[in-house]
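For the sequence shown, the tail end lands on 259 under numbering that gives the first Met the number 0, and the numbers increase by one without skipping.
Keep in mind the hints are simulated off the structure, nothing from the lab.
It is possible that some hints are incorrect.
[As the list claims (entries may be wrong)] With a cut-off of at most 25 Å between alpha-carbon atoms, the simulated BS3-like pairs for lysine-lysine come out as follows: (1) K39 to K195; (2) K123 to K39; (3) K219 to K195; (4) K123 to K79; (5) K232 to K219; (6) K79 to K232; (7) K123 to K84; (8) K84 to K195; (9) K25 to K195; (10) K25 to K232; (11) K195 to K172; (12) K39 to K172; (13) K34 to K232; (14) K25 to K123; (15) K39 to K25; (16) K219 to K34.
Quick caveat, the model's predicted, so the values are computed rather than measured.
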Amino acid sequence: MKRWIIHTALLISSATLAEEGFHTYKSPGVTWTPKIPGQKWIVHQVDRPQPPRVIPGEYTGMAPAPSDAIVLFGGTSLEKFAPNKCTIEHGAIRLAGGLSTQDAFGDCQLHIEWRAPTEINTNKINNSGNSGIFLMGKYELQVFDSYSVELYADGSAAAVYGQTPPLFNACRKPGEWQSYDIHFTAPVFNGGELVKPARISVIHNGVFVHINTEITGPTKHNQVLPYEVHEAKRPFFLQGHGSPVEYRNIWIRDLAPAGI
């Protein structure tokens, strides 16, 4: 039976998408990891259903920062980030190791644009366009080339890594710029107890892929971790994972309540 996918106003078969280069490669999953809290799935479960494919609208250029945003990267300087080994090429950051912000953030609106490299290393499929946005340094929104590679669902592009896949796969082709617009609310602690878990909403290339999704704890490969008390604001970082992912046009709006 053919699997049918939404393609703007048309429906096309998965066979046609394969001809276009979508999910040319498939990565193996695992069978021994722990169960995700509140779900029936284990972490990185190989047969967890993949998010349905939505072809995003035409890319129309970089989204300008609003007046109250902090521009973290506008194409010329990495001064808003801690010392790092990254380079700037043609107005974009080429990752080399991780990249952490100087300032700390909690509740926020974050806009960030990224693109996966066009070269696909078939010997390391799991690392195809692999990076991640670690909000507060703990909670990862995955960056991955989910156009070319079918990874375990909770590791696909825009997944809350190891926890919740996106509602849809809205990836563009490798080499094309993509955008995440993120609304993140930080966890709230009282003394040593968790009062409210972190939550996230995400628009990927104009498509809602998370709507107030609960984050069940810090994210980590093959593991389930409980919340640990931490500061109300922390730096976020971009993960260097040995793949030459590029970033540009990074701006953030601090939405934390007054006094935090």
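Hints, verified against the model:
A C-alpha spacing of about 22 Å is found between K39 and K195, which places the hinted pair at or below 25 Å, so the restraint holds. Only pairs whose Cα atoms come within 25 Å are accepted, and K123 paired with K39 is rejected, the gap being roughly 29 Å. For the hint pairing K219 with K195, the CA-to-CA distance comes to about 20 Å; that is within 25 Å, so the pair holds. Restraint check: the Cα-Cα separation between K123 and K79 comes to about 32 Å, which exceeds 25 Å; the hinted pair is violated.
As the CA atoms of K232 and K219 are separated by approximately 20 Å, the hinted pair is consistent with the 25 Å bound. Proposed proximity of K79 and K232 is supported: the alpha carbons are some 16 Å apart, at most 25 Å. This hinted pair checks out: K123 and K84 have alpha carbons roughly 23 Å apart, not beyond 25 Å. Between K84 and K195 the alpha-carbon distance is near 36 Å, which puts this suggested pair outside the 25 Å criterion.
Between the alpha carbons of K25 and K195 the distance comes to roughly 37 Å, so the proposed pair goes past 25 Å and is violated. Of the pairs offered as hints, the one joining K25 and K232 is violated, with about 38 Å between alpha carbons and a cut-off of 25 Å exceeded. Between the alpha carbons of K195 and K172 the distance comes to roughly 37 Å, so the proposed pair goes past 25 Å and is violated. Note on K39 and K172: the hinted pairing is violated, with a Cα-Cα distance of about 31 Å set against a maximum of 25 Å.
As the CA atoms of K34 and K232 are separated by approximately 29 Å, the hinted pair breaks the 25 Å bound. About 11 Å separates the Cα atoms of K25 and K123, which keeps this hinted pair within 25 Å; it holds. Between the alpha carbons of K39 and K25 the distance comes to roughly 23 Å, so the proposed pair stays at or under 25 Å and holds. A C-alpha spacing of about 13 Å is found between K219 and K34, which places the hinted pair at or below 25 Å, so the restraint holds.
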